[in-house]
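Peer 1: Sequence order for the protein chains is D, F and P.
For what it's worth, the UniProt record's numbering labels the leading residue of the first sequence as 1, then goes sequentially.
For what it's worth, the UniProt record's numbering labels the leading residue of the second sequence as 1, then goes sequentially.
For what it's worth, the UniProt record's numbering labels the leading residue of the third sequence as 1, then goes sequentially.
Among the clues, some could well be false.
Note that identical chains are pooled: a pair holds if it fits in a single copy or bridges any two copies.
Keeping only pairs whose Cα atoms sit at most 35 Å apart, straight-line, the calculated DSBU-like set for lysine-lysine is [what the hints assert, rightly or not]: (1) K137 - K247; (2) K424 - K407; (3) K89 - K75; (4) K370 - K409; (5) K264 - K333.
Don't read these hints as lab results, they were simulated from the structure.
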Amino acid sequence: MKNRIAQLALVVIVAISLSHPAAAEECIPCHREKTPAAVHQWETSAHARARIGCEKCHGSDHDKIVKGEARVDMKVCGPCHQKAFKEHKASRHGMGLHSGWGCTRNLANRDPAECRFCHEEGSTAPLSGVQCARFLKQTSEMAEIGCNYCHNVESSCASCHTNHNTSLAIVRDPNSCAKCHMGPDHPQWEMWQTSLHGTLNATAGISTGPTCQTCHMPKGSHNVSFGITMSSGGAPYPAKQAEPARKEMLQICSQCHAPEFARKDLARGDAVRSQSLTILKEAEKIIWDLSDHGLLDPMPEQRPEHPLSGRKLVTDNQMLYEDTSHIERLFFKMKKYDYARTIKGAYHQNPAYAHWYGNAELKMDLVDIKAEANRLRERGEAHVAGKGENKAADPAAAAEDALRALKSKVERGAMSEEEYAVEKAKVLDRLKGSAK
Amino acid sequence: MKNRIAQLALVVIVAISLSHPAAAEECIPCHREKTPAAVHQWETSAHARARIGCEKCHGSDHDKIVKGEARVDMKVCGPCHQKAFKEHKASRHGMGLHSGWGCTRNLANRDPAECRFCHEEGSTAPLSGVQCARFLKQTSEMAEIGCNYCHNVESSCASCHTNHNTSLAIVRDPNSCAKCHMGPDHPQWEMWQTSLHGTLNATAGISTGPTCQTCHMPKGSHNVSFGITMSSGGAPYPAKQAEPARKEMLQICSQCHAPEFARKDLARGDAVRSQSLTILKEAEKIIWDLSDHGLLDPMPEQRPEHPLSGRKLVTDNQMLYEDTSHIERLFFKMKKYDYARTIKGAYHQNPAYAHWYGNAELKMDLVDIKAEANRLRERGEAHVAGKGENKAADPAAAAEDALRALKSKVERGAMSEEEYAVEKAKVLDRLKGSAK
Amino acid sequence: MKNRIAQLALVVIVAISLSHPAAAEECIPCHREKTPAAVHQWETSAHARARIGCEKCHGSDHDKIVKGEARVDMKVCGPCHQKAFKEHKASRHGMGLHSGWGCTRNLANRDPAECRFCHEEGSTAPLSGVQCARFLKQTSEMAEIGCNYCHNVESSCASCHTNHNTSLAIVRDPNSCAKCHMGPDHPQWEMWQTSLHGTLNATAGISTGPTCQTCHMPKGSHNVSFGITMSSGGAPYPAKQAEPARKEMLQICSQCHAPEFARKDLARGDAVRSQSLTILKEAEKIIWDLSDHGLLDPMPEQRPEHPLSGRKLVTDNQMLYEDTSHIERLFFKMKKYDYARTIKGAYHQNPAYAHWYGNAELKMDLVDIKAEANRLRERGEAHVAGKGENKAADPAAAAEDALRALKSKVERGAMSEEEYAVEKAKVLDRLKGSAK
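The shape of chain D in the complex, shown without the other chains (with noise of 0.2 Å):
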């Protein structure tokens, strides 16, 4: 008898086993009626397996939970997943993209007075909430589907995990990584996929042809960092930081390619680069100048404030596209969108990305900033001549702009007091000969 009931106890305690686990009990009747496919994803997976349930991960106050106030991101699952949490933490993934701005903490090498930028000494508070012009322009609708949708990576594993299922092949495929890396800013998917890395995976398998994950997330690592030189503007590293990541990306091209083939192919990806910047870096002068000399139309101090700078004129990575003018929505594209898909189609070996879709623009957007300045600065005389003076007729006028482009040039620091000192100098000299 007693053998039967300890036969009974048995069964019950290995029934409950086989079961859900504790606490899953409670919540799955329910919610296999609201929220049936959370359940059935959470049953096939690894969670469930290993009898995690409900509870772990979302707590038990459903008041809570109910009002959003439970969101299970990565302080939840960092304890269990340490070394991917770590892996994450230390890379780009990891930074504080939250609200579309990076936080270089955790990046290699960094110079801890950049902190500043951002932070009081000593605080880890952000000086104001948030740090992206583009996102401060946004409504927060826009902002939650355009921007955070993909930056809140930062914090949350289910930007490519998904929410319950633990499939390793969803987050293995390249299409996990898709849903932000694509578009006119940074089409990697797509110029992966028409690489021969990617040709080689569609046709012959992963074994032949390369993911994002081979190359970005060796041996399954969570830091996708591993091997880039530059930052996501594509702003070149400092050797110090640059030379040991392009040692560990050249370790993983090796496993495929001749040491010497790789080291050419990802050098030729750098001289692509620094070319690109050079015109890019030739439009932004031509911005520059013209604003100098008070020929953008509208002018900054016309439009309305950029919301980090105020009345400003803004070129770097803060750059708006919106309440600007046209030759600066043109430099926009120039920067975010043509040098980015030059140069990383050039390091993903995508001959149209590089070239018909990235340095092609480049030159053509290039040709039309061009007539865009030749247009302002025609403008600008025309406006001259139109309030009867004439530069060629007036050497005062002429020299009274020339002083005014090279005071502006002194304010923004492209200029020092000394080089000032001398420009204004040969102003002067040329009118006292005009004068003559």
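Go by the hints and put chains F and P onto chain D.
Peer 2: Only chains F and P this time, still in chain D's reference frame:
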């Protein structure tokens, strides 16, 4: 002996019934040579299995078939496939899209008075043969491979089902939707493919990642307008029509998601739609103001006639992308491409389409429209100045221009006669004031 | 004992013959470490099965190989793969595309006199080293990842076949064609993928949905120009050459379709091509007229030299997308992108490419070109007015401009000396008339 004859007869009957159905027998031998793919597809189709032969759909008049007069359209398929036929007719697919213009007769909750827009009272014949301005500007070849290649879905089941292959695997695949629902104006296929829904479909199958059909043709329904809350041009439906549609869609979402999550997600789409419409309207107003002041280059009266409206400015759904001015061309892109991508991207949860391909383009095009408007205004002033007039110096000329613009607003219904009287008085008062 | 020795010898021989082929034996142990992917791919290749070792293709001079001087190009593959080699050479792929310029020597029905365009009589050496203007403007790194990544197909079988993998599954997949036949200028891959052919391929397999190879490489032929009726730039072939090509293509179509259906479909493509060329020519004429009147901004003589034509306007296949004017940049897009997408979209039955990505862009770019031309003309008049001249008031200035434009037309061969004399007389008569 009788038995043997009976047996033989049976064998013959069975042989016939197992061979091609009656009528097909005549066609097959010849067409196996002439159109082998059609024959092969039919042979492996549900039609062949159900003994539906060639004649049943194509008729028996071979001359008519050869002349292309025996088109197998919906009238042929409908009598057998009544449920699908009825659902199709009630949906947007069933609208009279043949000529690129939608007849609204089959849509729910429409005001019958609306019919008079295209039809005489009591007549089903359209007032004019074709009613889409863009279509009317096309060559017949371009209309065939362009407009009508998709806009024949009203009458042709083969638009989606192909001609002889009855495989459901084909039409249940989003690829079947792609050939029409793609491109710069409505890239639903592209945005689905790279959304989380598409990613999960590609990596974990249809049980985890829904297709177009999962949400828009639930349970195989042929009513693809199920749950849609706006016109194909993106104009929100009135609440009376939108609310029940939203409920329908939420039921679909809730098969996987918590209803509150789904509600918020779709509401976010509504907000993005409304915000995008505001940007669009700002641009449209700029163009109409230019037109009121006679500043478009060229003005509508200087261009070839609009096929439906003559020499008038058109910025509604009948807007052309040819024989227009540069600024209207920019607006066409905003309206037809940027706006559509923003809102469809938001509803389909694709950040790259909602933001970069959509919202950012919308704002960049607005920058360009404002710049071009400013150029056109300055050009107008220069013309006036060239004629020896000077608005600043000549209040009479300025008043004349203001009155002309007011008149134009009244004529196009943007201002009532009462408002006109008030505004006119203001202009005249100002003129009197300046004369003192 | 003899028997045992004989047995042993046999075992050794068999072992050797089953192991790597001679020569490969030397390379493999080391390269299994250094280039593991290459070794793995070769080991599972048809070459290994046929006992074709490393030396057979790479030679035995290791120094040369390391220096990159032992390139495995078509000359290495050709002697064994003679049929493929011959077909390849006779096709557009076999043309001298290496420098971005096509040698026509292998194309059917060419006038031998054409050779003199690039070669001295009797010489096979090109007159200049490279003959593509766009290529000549590139940095060598961009040329390598841009132009020559695809334009090496003339000499390198590995362009399509990859280096060591002989799998036919790879090269029979349209993905293998994608990496060159994609992008803004010729998106054949994209338009196939979303055409009915591509959809059926994706959903029902190759027996129902044909691939690039089905139509352009029938029965594995390496002559990819089979059935093509126009140059790679989209210029229609003369009837003598086009007619037999059309017959070839119709034979392919007729394997699935009724011949009359196929004939009409391709004829529709021809019509779209011819209509699109008319739009293109209208834009080209506008640009040449501006140039004749000295109104381009900047004029060719004010810009860096064109690498092949010097300081002259170029709008043919050697047109540049850099160091040009805004209006020419617009035309470049029309010609190279819009026109190509329209006609290739029509021939590949893709409505989104034929219409929206093609024809609509063609027409929108024409709108922009006309607007820019008008601005340039007004700018020209303002310049003249600024110099105190006034064409309307000063018939002599107007006549001078007209004569300059006529002279320019004669010089560029757009007008005969006889026509010039007639037109010149008219201008002078008009001048005399106004003087009365």
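Peer 1: What hints, given by number in increasing order, does this structure fail?
Peer 2: Violated hints: none; all satisfied.
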